[in-house]
Amino acid sequence: MPTIKSRVFGEVEVSEKQCISFPDGILGFEFIKEYYLLDIDNSPFYSLQASGEGEIAFILIRPQTFVREYRLEIGTADMEALGVRSVDELLDFAIVTVPENPAQMTANLQGPIVINKKTRIARQTISLNEDYCTKHPILAALQEKNREGG
Amino acid sequence: MLVLSRKTNQSIMIGDGIEIRIVDIKGDQVKIGINAPKQVAVYRKEVYDDIKSQNIAAAQAGSLDLSGFPVLGSKKSGLGLDDPDGK
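Protein chains in written order, with my numbering: chain A, 1 to 150; chain B, 151 to 237.
Worth double-checking, as some hints may not be accurate.
Unchecked claim - One side of the interface only, derived from the structure: several residues of chain B facing chain A at Cβ under 10 Å: (1) M163; (2) G167; (3) G177; (4) D178; (5) V180; (6) I182; (7) G183; (8) N185; (9) Y193; (10) D200; (11) K202; (12) S203.
Since the hints were made in silico from the structure, they are not lab data.
Note that this is a predicted model, so its numbers are computed, not measured.
Here a beta-carbon is modelled for each residue, glycine too, at the ideal position from N, C-alpha and C.
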């Protein structure tokens with residue numbers, strides 16, 4: 001299996017199945033068209049590692065993990081770009097921002113990263129739900145979710 | 151940038167599918183109506199700017215010490231995506 005340089009794991013073996021293509025890139029990183037999705041064990045997180053750019057990696061989390069009754073709501077333009085008709089064909093993530101104090105980590109629910117499960121083509125979409133902001137506090141939401149019994 | 155003057159209820163066409171109409175003008179605020187095909191994405195520019203600056207803040211995520219946050223737990227199931235790491 002090939003290896004890549006990653007920010008979280010250093011040199012790491014990857015399989016083709018972890019390779020996710022972003023034909024339009026990610027906003028601000030339009031020049032990177034290929035990433036690898038790496039599992040971060042014993043955590044709810046994944047690392048989205050830019051291919052060929054070892055220093056660039058995003059931390060991802062599935063919004064369902066910490067938001068009660070989360071639903072992916074995206075527009076027709078995004079659905080068409082992903083080549084799907086239903087959100088059931090998609091896998092969605094939020095990009096996590098970890099500030100100096102990790103207790104204040106937030107997730108971007110306004111610009112979810114969405115992957116076509118079958119083709120592994122992905123894009124950063126824009127949520128149609130205006131309650132979902134770019135800095136959704138993760139730990140507070142998780143505590144609330146646990147309190148309410150998921 | 152092309153700059154055009156319009157009055158209330160006047161429109162601009164972009165191609166033959168997109169109409170931008172000035173619905174109302176009050177002080178320094180303009181209400182704009184947009185008629186566009188469903189596959190054309192229309193969002194306020196601030197939304198793009200917000201997402202972009204958040205991406206840049208998030209982009210160099212290294213290893214995380216999560217030991218102080220047991221509330222995070224861990225994953226309960228795979229992704230159903232030809233799972234990463236073959237899980």
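Under the criterion of a CB-CB separation shorter than 10 Å, is B/S203 in contact with chain A as hinted?
8 Å, holds
Would you check whether B/N185 satisfies its interface hint, that is, whether its CB is within less than 10 Å of any CB in chain A?
15 Å, violated
For the restraint on B/G167, tell me whether the closest CB of chain A is nearer than 10 Å.
13 Å, violated
Can we keep the B/D178 interface hint, with Cβ of chain A closer than 10 Å?
Status violated, d = 23 Å.
Can we keep the B/V180 interface hint, with Cβ of chain A closer than 10 Å?
21 Å, violated
Holds or violated: is the Cβ of B/K202 closer than 10 Å to a Cβ in chain A?
4 Å, holds
Hold the hint about B/G177 up to the distance rule: shortest CB distance to chain A must be less than 10 Å.
24 Å, violated
Let's test the interface hint: is any C-beta of chain A closer than 10 Å to that of B/M163?
Violated, about 19 Å.
Let's test the interface hint: is any C-beta of chain A closer than 10 Å to that of B/Y193?
Holds, about 6 Å.
Return the status of the interface hint for B/G183: holds when the least beta-carbon distance to chain A is below 10 Å, violated otherwise.
18 Å, violated
Residue hint B/I182, partner chain A, criterion CB-CB below 10 Å:
This hint is violated: B/I182 lies away from chain A, its Cβ roughly 18 Å from the closest one there, beyond 10 Å.
Classify the hint on B/D200 as holds or violated, based on whether any CB of chain A lies nearer than 10 Å to its CB.
5 Å, holds
Of the hints listed earlier, those the structure fails to meet are numbers 1, 2, 3, 4, 5, 6, 7, 8, in rising order.
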